[in-house]
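**Q** Put together the whole structure using the sequences plus the hints.
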Amino acid sequence: KEGLDEVAYRRAMHVISENTRVEGAEVALKAGQFEELGKLMVASHNSLRDDFEVSTPELDTLVELAVGFEGVMGSRMTGGGFGGCTVTVVKKAQADALAAHIKKGYKEATGVECDIFVTRPGPGAGPLEL
1369 KEGLDEVAYR RAMHVISENT RVEGAEVALK AGQFEELGKL MVASHNSLRD
1419 DFEVSTPELD TLVELAVGFE GVMGSRMTGG GFGGCTVTVV KKAQADALAA
1469 HIKKGYKEAT GVECDIFVTR PGPGAGPLEL
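Each residue of the sequence shown is one higher than the one before, starting from 1369 at the first, in the working numbering.
No wet-lab data here; the hints were simulated from the structure. Be aware that one or more of the hints could be misleading.
[What the hints assert, rightly or not] Each computed DSSO-like pair below joins lysine-lysine, with the alpha-carbon atoms no more than 30 Å apart:
no., residue 1, residue 2
1, Lys1407, Lys1459
2, Lys1460, Lys1407
3, Lys1460, Lys1475
4, Lys1472, Lys1407
Every value quoted in this text rests on a predicted model; they were computed, and no experiment measured them.
**A** Take a look at the structure:
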């Protein structure tokens, strides 16, 4: 902390703590511990909001609407910040109900309709053979 002003310190703490969360997320994913992954996602969002200060009230609303909904394990903003999208991990059986809940709640909170894309995880990035 020495030599850093408060803002720079919070930014640095976000980066350091985010690295730890990413490592924890890898372990959780490999072990199928989706509740743990969800906790890490919410902690990441909170740090992006509070320490890195790149979230927006709209993104916070989306995360708040998701967290606590039955079947949701975690939610966080994604992308570069200052608007954009959230990623939410939810049990498949609750995905459609969650989408309806978020659409309704977001419209009530902001007056704007949001788009929701229900997807499923894929194998991730890998090398291409050209």
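**Q** Evaluate each hint against the coordinates.
**A** These are the hints, each one checked on the structure:
no., hint, verdict
1, Lys1407 to Lys1459, "holds (15 Å)"
2, Lys1460 to Lys1407, "holds (18 Å)"
3, Lys1460 to Lys1475, "holds (23 Å)"
4, Lys1472 to Lys1407, "holds (25 Å)"
The structure fails none of the hints (numbered hints given earlier).
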